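Taken in sequence, the protein lines are chains C and F. What the first sequence shows, in my numbering, is residues 39 to 215, in sequence order. What the second sequence shows, in my numbering, is residues 8 to 362, in sequence order.
Because the hints were derived from the structure by calculation, they are not lab data. Model, not experiment: these values are computed from the prediction. We put the beta carbon where it would ideally sit given N, CA and C, even for glycine. Nothing false has been slipped in among the hints.
Each computed DSS-like pair below joins lysine-lysine, with the alpha-carbon atoms no more than 25 angstroms apart: (1) C:Lys44 - F:Lys329; (2) C:Lys195 - C:Lys154; (3) F:Lys49 - C:Lys70; (4) F:Lys329 - C:Lys41; (5) F:Lys81 - F:Lys151; (6) F:Lys49 - C:Lys79; (7) C:Lys45 - F:Lys329; (8) F:Lys66 - C:Lys70; (9) F:Lys66 - F:Lys49; (10) F:Lys66 - C:Lys79.
Covered stretches of chain F, as calculated for chain C (at least 3 residues, CB under 8 angstroms): (11) 56–67; (12) 313–321.
Residue strings, one per chain:
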Amino acid sequence: MMKRLKKIIQTWTLLELFQGLAVTGRYLFRRKFTLNYPEEKAPQSTRFRGLHALRRYEDGEERCIACKLCEAVCPAMAITIEAAPRDEDAPAENGAGRSSNYGNRRTTRYDIDLFKCIFCGYCQEACPVDAIVETRIYEYSFESRQGSIITKEELLKIGDNNEAQLAADLAVDGEYR
Amino acid sequence: MFDLSSILSEQVITVLWTLLKIVVIVAPLMLSVAYLTYAERKVIGAMQVRVGPQRVGYKGLLQPIADALKLMFKEIILPTGANKTLFVIAPVLSIAPALAAWAVIPFDDGLVLSELDAGLLYILALTSVGVYGVIIAGWASNSKYAFLGAMRSAAQVVSYEIAMGFALVGVLMAAGSLNLGDIVRAQDGNILTWYWLPLLPLFVVYFLSGVAETNRAPFDVAEGESEIVAGFHVEYSGMTFAIFFLAEYANMILIAALTSILFLGGWLSPFQGIPVLDEMTAWVPGLVWLLAKMSIFLFLFLWFRATFPRYRYDQIMRLGWKAFLPVTIFWLFVEGIAIYAELGPWFDGVLGAAS
Numbered sequence: 039m040m041k042r043l044k045k046i047i048q049t050w051t052l053l054e055l056f057q058g059l060a061v062t063g064r065y066l067f068r069r070k071f072t073l074n075y076p077e078e079k080a081p082q083s084t085r086f087r088g089l090h091a092l093r094r095y096e097d098g099e100e101r102c103i104a105c106k107l108c109e110a111v112c113p114a115m116a117i118t119i120e121a122a123p124r125d126e127d128a129p130a131e132n133g134a135g136r137s138s139n140y141g142n143r144r145t146t147r148y149d150i151d152l153f154k155c156i157f158c159g160y161c162q163e164a165c166p167v168d169a170i171v172e173t174r175i176y177e178y179s180f181e182s183r184q185g186s187i188i189t190k191e192e193l194l195k196i197g198d199n200n201e202a203q204l205a206a207d208l209a210v211d212g213e214y215r
Numbered sequence: 008m009f010d011l012s013s014i015l016s017e018q019v020i021t022v023l024w025t026l027l028k029i030v031v032i033v034a035p036l037m038l039s040v041a042y043l044t045y046a047e048r049k050v051i052g053a054m055q056v057r058v059g060p061q062r063v064g065y066k067g068l069l070q071p072i073a074d075a076l077k078l079m080f081k082e083i084i085l086p087t088g089a090n091k092t093l094f095v096i097a098p099v100l101s102i103a104p105a106l107a108a109w110a111v112i113p114f115d116d117g118l119v120l121s122e123l124d125a126g127l128l129y130i131l132a133l134t135s136v137g138v139y140g141v142i143i144a145g146w147a148s149n150s151k152y153a154f155l156g157a158m159r160s161a162a163q164v165v166s167y168e169i170a171m172g173f174a175l176v177g178v179l180m181a182a183g184s185l186n187l188g189d190i191v192r193a194q195d196g197n198i199l200t201w202y203w204l205p206l207l208p209l210f211v212v213y214f215l216s217g218v219a220e221t222n223r224a225p226f227d228v229a230e231g232e233s234e235i236v237a238g239f240h241v242e243y244s245g246m247t248f249a250i251f252f253l254a255e256y257a258n259m260i261l262i263a264a265l266t267s268i269l270f271l272g273g274w275l276s277p278f279q280g281i282p283v284l285d286e287m288t289a290w291v292p293g294l295v296w297l298l299a300k301m302s303i304f305l306f307l308f309l310w311f312r313a314t315f316p317r318y319r320y321d322q323i324m325r326l327g328w329k330a331f332l333p334v335t336i337f338w339l340f341v342e343g344i345a346i347y348a349e350l351g352p353w354f355d356g357v358l359g360a361a362s
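Let's have the full structure, built from the sequences with the hints guiding it.
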């Protein structure tokens, strides 16, 4: 009986409606979560998985040894690698003959299709020499359908441009790998 | 010598003068509509813990202008299967009453376009016509979603309109007049002699019915974007859509104005009868008080939209027939008894004034 009376009073005083209004009324004065994107950006983890890059050693030699582990592990099959032994001549100042790198297995083609890529980071995890990494870059676009495929040269360039950041991030993360 | 008075005969001057008055009312109204949409986006944004428009102009203040320009330049599409005449008439039918009703709204003592003695009836008639715009739009579009929207709108109208009319009857009984100016004057006294207190249930019912009439959340079944795309105006684009939009917001402002006039004492100062404050605020024009009261209701409209989920349309009908209608009729009886008992300070002298 009391319960029913309580219910009736609740209904006719619109109690629950006022409670609802109170909730939204409180939120009116809450601090807003909006991030003013181009001016403000969300904080990134050192493990952020953005656009890919291929890294080099300090002497300028590319790290990638064409082991194709990344290609194998890639769940989206976004990576295409072709490899061949290197047959370039030594730089002139090293004297005549072949370069010390002659015969090293290197990639001749390293394409990543960014439309297929799911940015899982398995390639980076699989890489034994820390060659393929994912950078913190997430603001990029393509102007054509073919533009989604980034080539070895582009990947190396991204790596060169961001080496400082990449090395720093890998150093922080290194002890957990 | 060119004699001006010979061309401008008395009637012409009256017509021009009236036109000028109409412009003076409608232009600020349109501006308020524009900035009501801005306020809505800001307020609802804040209640959803985001900031709302802020990119166009300082703090997004030019956003409504940008929206209006966009809508003006968009193509108006007439669907092949649509009934062309009705399709075009529908938006006009929804905005015309929303604007015409302003003719009898008193902004201050005597500051009214038309001191109509049957003002309340005129309002009741016109605000109801607006809904036909929605129903005709839904019918003329020849689209199933628009048609569903129109059907829902019709179902909604039959449920709230009667309760709304009865709520107005309550005001009429208390004031003894259909003239909106007289209704406000009858509330003269202090904040407690305004009709919101003695007619509290009618006040609540009237405002909620007003929300339903303007097709605003939580009674926006005719639009129901999550179920029937956009309801009655799915097929409308560009300016024809903009007119529905204008009508909706003009109606909101109208309902806010009416509720203020009928239940919150219109242009009367809330400090009436309070010794010091009354003299201190005597210089404030009545228009300011009316606008302040209207903003309270407009804010409520936005607050409701941010808070309540949409009613199903059978629930609206249940609410209208089984809650609003009994409450208003019951309160009319209570009010009638109070009037016979000459219950002060609200109902004393009502009997004498009527006879």
